[in-house]
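**Student:** Sequence:
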Amino acid sequence: MSLNIVIMAAGKGTRMKSALPKVLHKLAGRSLLQHVLNMTQGLGGARNVVITGHGAEAVEAAVAGPGVQFVRQMPQLGTGHAIQQAVPAIEGEGTTLILNGDVPLIKQATARRLVEACDGKALVLLTIHLSDPSGYGRIVRQGGTADGNVLAIVEHKDASPEQRAIKEGYTGMMAAPTAALKRWVSQLNNNNVQGEYYLTDIVAMAVAEGVPVLGIAAPNETEVLGVNSPVQLADLERRFQLEQATDLLEAGVRLADPARFDLRGVLSCGQDVEIDVNCVFEGQVSLGDNVRIGANCVIRNANIGAGARIHEFTHIDGESVGVKVGAGALVGPFARLRPGADLGDEVHIGNFVEVKNSTLAKGAKANHLAYLGDATIGERVNYGAGSITANYDGANKHRTEIGADVHIGSNCVLIAPVAIGAGATIGGGSTISKNVGAGELSVARGKQVAIAGWTRPVKKR
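With the first letter of the sequence shown counted as 1, position 93 gets the number 93 in our numbering; the numbers rise by one all the way through.
Just so you know, these hints were derived from the structure itself, not from any lab. Here the structure is a predicted model, which means the values were calculated and not measured. Among the clues, some could well be false.
Straight-line alpha carbon distances no greater than 25 Å define the calculated BS3-like cross-link-like pairs of lysine-lysine that follow [stated by the list, open to error]:
#1 K121 to K157
#2 K17 to K167
#3 K365 to K324
Simulated restraints on C-beta separations [stated by the list, open to error]:
#4 P75 to Q271: 54 to 62 Å
#5 A251 to R112: 21 to 29 Å
#6 S268 to G143: 49 to 57 Å
#7 N190 to A251: 49 to 57 Å
#8 P417 to R238: 44 to 52 Å
Each residue gets a CB set at the ideal place from its N, CA and C atoms; glycine is no exception.
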């Protein structure tokens, strides 16, 4: 049986006090509408029909993709009017699921319950029981009982005092037999206080035709909360973050404080992972076994190896390229890893060190105040404080190659393209613009000089 999914996303959201269309405001890093579209994947719908209106061009550009079709509601004359615009795009004789683009946290299981209960035969409404259902259309049931047949939905503004006392509200989401839905919306009128075409009026039509009208209660309030103001958006953000934090805790991740945790993407964790307070994870992030994340870190699109320690106030942003941190590596505090940073096992990146598009082999260290850009660093390299790779000549970027066991002194400038051979030492304060051979000591304060016959002192044990 065919399934059409219709998502209403035409509203302006006046109380948001923003030029941005309401459904494009972000929740956990994704737009409200994108959350709904992501949820529909796996429901088996033939297509998602998104009804746009206010800011239609921006909304359509933001979520366009395979399986998404747009229809426009101009002007916006109510929910029934919105579905009237979608009718030409609705196909088949099965079920049509109607969702709201500003209700981002409805679960797929809940949506599936509506579709299965409808089965192309019944009108199924998603309802919610609230202590204060102000603003919700009220569910009027036969005999006023909790399990009585649904007779009508009365919009809040049109409800009598007795009807406003009803605690069961309509969430704005339903599943309907497709053929009947088309017929019902064609018969709607705007004889009401608002002068709008109410989709909820089809309930009375279904009752008159003898079509079963069912009310299915949502599992919880969070699933059906919409966003109409910055206050509501912030409230929903915290609810969602706590939900995600709880899932991680139940999976064995140790969060210092679930109320001070933000996930704006996908986070996968191994065993015995610990995350301190005020950390933000975005995009795709993977944390291996025994990883420790210090407080106030931001990590985006990165793979952190087993046993690594990311100390406090570290910023990692892989963008589209990604960042890799090897097993047992130490990063931070106050370090920055940019796209293309690839740290091998047991690498140390210390405070105020920035790494971009560079590979550091096992055991390499840059512990203080340094920049490594477009560089390949060998094993056990010691990169001194205040040293940088000068990788950009004003037009093009060039690479720096540093062999294994090289020592770079403090306050050095390595002017790329340049290569430094294994075991070489660069004296502090040097500016290196020519290649340095393996094992050489090079000092360049004015003129680069290679000192012959020099051997590095042996560390006392």
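**Student:** Holds or violated: the 54 to 62 Å window for the beta-carbon distance between P75 and Q271?
**Tutor:** 56 Å, holds
**Student:** Falls inside 21 to 29 Å, the C-beta gap from A251 to R112?
**Tutor:** Holds, since A251 and R112 (Cβ atoms, about 24 Å apart) stay within the stated range.
**Student:** Would you mind confirming whether the straight-line C-alpha gap from K365 to K324 stays at or under 25 Å?
**Tutor:** Judged against 25 Å, a Cα distance of about 16 Å means the pair holds.
**Student:** Are the Cα positions of K121 and K157 separated by 25 Å at most?
**Tutor:** 30 Å, violated
**Student:** Taking the beta carbons of N190 and A251, is their distance inside 49 to 57 Å?
**Tutor:** 51 Å Cβ-Cβ, so the 49 to 57 Å window holds.
**Student:** Tell me if the beta carbons of S268 and G143 are separated by a distance inside 49 to 57 Å.
**Tutor:** 51 Å, holds
**Student:** Take the C-alpha atoms of K17 and K167, compute the straight-line distance between them, and say whether it is at most 25 Å.
**Tutor:** Measuring from Cα to Cα gives roughly 30 Å; hence the hint is violated.
**Student:** Lying within 44 to 52 Å: is that true of the beta-carbon distance P417 to R238?
**Tutor:** 50 Å, holds
In the structure shown, a violation is registered for the earlier hints numbered 1 and 2, in ascending order.
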